[in-house]
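Undergrad: In order, the protein sequence lines correspond to chains A and B. The opening position of the first sequence corresponds to residue 1 in UniProt numbering, with each subsequent residue numbered one higher. The opening position of the second sequence corresponds to residue 1 in UniProt numbering, with each subsequent residue numbered one higher.
These aren't lab readings, by the way, just hints derived from the structure by calculation. Since we're looking at a predicted model, the values are computed, not measured. Incorrect hints may appear among the rest.
To be verified - Residues on chain B that point at chain A, a partial pick, calculated with CB under 7 Å:
1) T3
2) R6
3) D9
4) A12
5) S15
6) R20
7) P23
8) V44
9) V53
All residues carry an ideal CB built from backbone N, CA and C; glycine is no exception.
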Amino acid sequence: MPTDVEQWKSELYGTDIREHIERFAETGWDSIPEDERDAWFERFKWYGLYHQRAGQESYFMMRIGPPNGVLEPGQFRTVAEIAKEYSTGPAANPEFGNGWLDVTTRQAIQLHWINIEDVPAIFDALEDAGLTTMQACGDSWRNIVGCPVAGKDEHEHVDALPTIHELNDRFKGNAEHANLPRKWKVSVTGCREGCGQGDINDLALEPATKTIDTDERSSSNNQNSPGSGDGEAREGFNVRVGGGLSRNEPRFARDIDVFVTPEQAADVAGGISALFREYGDREDRYNARIKFLVDEWGPEKLRDVLQDEFVDFELHTAGEDLRSEYSYNAGEAAGKHDHVGVHGQPDGNNYVGLNVLVGRIGADDALDIADAADEHGSGEVRLTQRQNIVLTDVPDENVDDLLAEPALEHYSPDPHPFMRGSIACTGTEFCSLSIVETKNRQVRYARWLKDNVELPAGVEDFHIHLSGCTASCAQPQIADISLRGMKTRKDGEPVEALDIGLGGGLGEEPQFASWVTERVPADEVPGAIRNLLANFEAQRADERQSFREFVAARDDDELAELVEPEETSYDDPFMHNTKRTWYPYADEDSLDDSPAPASPDGEPLSADD
Amino acid sequence: MATELRVLDDGAWISVDNQRRVPNSDIWPLAVTDFCGCETAHVVLEAFTDVGVDRDGVSVQAVGQCIDCGTEGALDWLAVGRVRDGAFHPYDPAELRPRLEPGNDIR
Numbered sequence: 001m002p003t004d005v006e007q008w009k010s011e012l013y014g015t016d017i018r019e020h021i022e023r024f025a026e027t028g029w030d031s032i033p034e035d036e037r038d039a040w041f042e043r044f045k046w047y048g049l050y051h052q053r054a055g056q057e058s059y060f061m062m063r064i065g066p067p068n069g070v071l072e073p074g075q076f077r078t079v080a081e082i083a084k085e086y087s088t089g090p091a092a093n094p095e096f097g098n099g100w101l102d103v104t105t106r107q108a109i110q111l112h113w114i115n116i117e118d119v120p121a122i123f124d125a126l127e128d129a130g131l132t133t134m135q136a137c138g139d140s141w142r143n144i145v146g147c148p149v150a151g152k153d154e155h156e157h158v159d160a161l162p163t164i165h166e167l168n169d170r171f172k173g174n175a176e177h178a179n180l181p182r183k184w185k186v187s188v189t190g191c192r193e194g195c196g197q198g199d200i201n202d203l204a205l206e207p208a209t210k211t212i213d214t215d216e217r218s219s220s221n222n223q224n225s226p227g228s229g230d231g232e233a234r235e236g237f238n239v240r241v242g243g244g245l246s247r248n249e250p251r252f253a254r255d256i257d258v259f260v261t262p263e264q265a266a267d268v269a270g271g272i273s274a275l276f277r278e279y280g281d282r283e284d285r286y287n288a289r290i291k292f293l294v295d296e297w298g299p300e301k302l303r304d305v306l307q308d309e310f311v312d313f314e315l316h317t318a319g320e321d322l323r324s325e326y327s328y329n330a331g332e333a334a335g336k337h338d339h340v341g342v343h344g345q346p347d348g349n350n351y352v353g354l355n356v357l358v359g360r361i362g363a364d365d366a367l368d369i370a371d372a373a374d375e376h377g378s379g380e381v382r383l384t385q386r387q388n389i390v391l392t393d394v395p396d397e398n399v400d401d402l403l404a405e406p407a408l409e410h411y412s413p414d415p416h417p418f419m420r421g422s423i424a425c426t427g428t429e430f431c432s433l434s435i436v437e438t439k440n441r442q443v444r445y446a447r448w449l450k451d452n453v454e455l456p457a458g459v460e461d462f463h464i465h466l467s468g469c470t471a472s473c474a475q476p477q478i479a480d481i482s483l484r485g486m487k488t489r490k491d492g493e494p495v496e497a498l499d500i501g502l503g504g505g506l507g508e509e510p511q512f513a514s515w516v517t518e519r520v521p522a523d524e525v526p527g528a529i530r531n532l533l534a535n536f537e538a539q540r541a542d543e544r545q546s547f548r549e550f551v552a553a554r555d556d557d558e559l560a561e562l563v564e565p566e567e568t569s570y571d572d573p574f575m576h577n578t579k580r581t582w583y584p585y586a587d588e589d590s591l592d593d594s595p596a597p598a599s600p601d602g603e604p605l606s607a608d609d
Numbered sequence: 001m002a003t004e005l006r007v008l009d010d011g012a013w014i015s016v017d018n019q020r021r022v023p024n025s026d027i028w029p030l031a032v033t034d035f036c037g038c039e040t041a042h043v044v045l046e047a048f049t050d051v052g053v054d055r056d057g058v059s060v061q062a063v064g065q066c067i068d069c070g071t072e073g074a075l076d077w078l079a080v081g082r083v084r085d086g087a088f089h090p091y092d093p094a095e096l097r098p099r100l101e102p103g104n105d106i107r
């Protein structure tokens, strides 16, 4: 039997939702029929609106998903202005104030505390700037991710941006692909370093080269056919399907033995999306992601069905990939870890990656950064999968002036490794699913570690990802230290806790973290990290051995003994049940004290109206 | 009118008549259910997988973990509240209700 969500989607979904959002915006929050709210809030997701958690009724998270995280000149300023005007709530966050934007691990931006009444004006402002929230959430094509400096990278095999834009243009707002069984996350990567993180996406196009017979059109080529022998080496992409981290069921995308030229990419990607539409599980949302279909079928059957039913030309077999060159998050001490710092572009300009601790930028800071991007670069700002930003097209003569901008003291191009390596999801501040507070906690962790822990010699990058639950939005399984929200008991009382995983990363041989120590009280995690790093320094083979190599050389029991959770001078103000607050940082934080639902001017509305 | 029940947002909460009435991440004590070796299991519900009603009782299926021993498992119909005169009354997660626990044949 189809789920309620499928029933609602079958009745009304896709672009038809827009007029209803505008209708409710016109008549106000109270006009959304109480007995239809589940259905409408599920549908609103398709337009990037996600109702915030219990205690925050009438407020929405809004997600803006630019293709590949590229914000063209002027677009970042528009988002910052929207954040300043509309993204403020009834209480301030002690670390971030009131009014900010969050850069996400999928190169999108999230705004919070958005009232439905303000949405049309925000949509207008976004669309005037060439941006959209369409399909930023919901069961469809999400924003396509990839190397954040695609087209401006010295390590590029092929510029993936034209392919990304073609896919975006074809599948955003496309009724044929608007209603899929579940979310559809796509990565398209052209760089040689693997920083598109294709392995953890539903569909990954990864750089490859294929020799294609010159007397054959792409419609007839097959590696097994004899051909003329006059091969032409074509640059393009190998295709992998079925990656993802959620639900305690992490999967790396599976190789389906298909190569596509850039000209074929949209047809094949659309074929796989259509295959998912037709064969994905619509009766059980927990089993709906395509990773489970790949589990069930295997990559060979998926390829066969794709060929037989969804593509009208003969698929190439896989080309020669570049995975052996992947250095991004590959666990090598000297490898590539992010896009922070000043780097050369092929055109002689530079891109400057700025660290954004846990992805959150104050609205005023964002306006200052937009000014700096305009003044010293082209004005383009790009978002990375490490929740950071990149200012591009900075001429050599402008670099020093850009680095001297006051905003770059906090959003640093040369941050301390513990600040640089920190990622956190939304957490119980706003998220319904999270079990623990995350963003403010990770900020406090990073600061304490910076002040109290010396990194072992040679360790200049160290990734710590904090996710509030098994949904894994902070991508914990591919970090050096993986933190996942849980509860435990301490001094007789339930407290927020974290599971600690080790050894995750990508590269030629990607590896998910192993959860070696579970249910560590949150206030003992910094001590655990300090002790683990001290043990790593004392016991590693030599200074060239990376942390990931050190972890890989030991079994889970050995590693668990090296973690040693311990109370320290670190103080954690979020040990209580933060989910049972209306806002974890409010002075009066109980659900009964919630001002929600509220009108855009902050006036509480009676929930009984 | 029949009470509408559903699990939404990846199992984050139980909707009762279009209102978010039962959240995940609370800790429920279980004295009868054979969940783990603890005398009383204290299970944090990580995500709901189904919800149903039996007469006036509302029960859930969920995955969770004992916060004391770490045993992970699935709960098969844990009572989380009841409907009286058309209104849902959630149970306090902190209270022990052995007669209503999964696996209690008295129920």
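Undergrad: In ascending order, which of the hints set out earlier in this document are inconsistent with the structure?
TA: 1, 9
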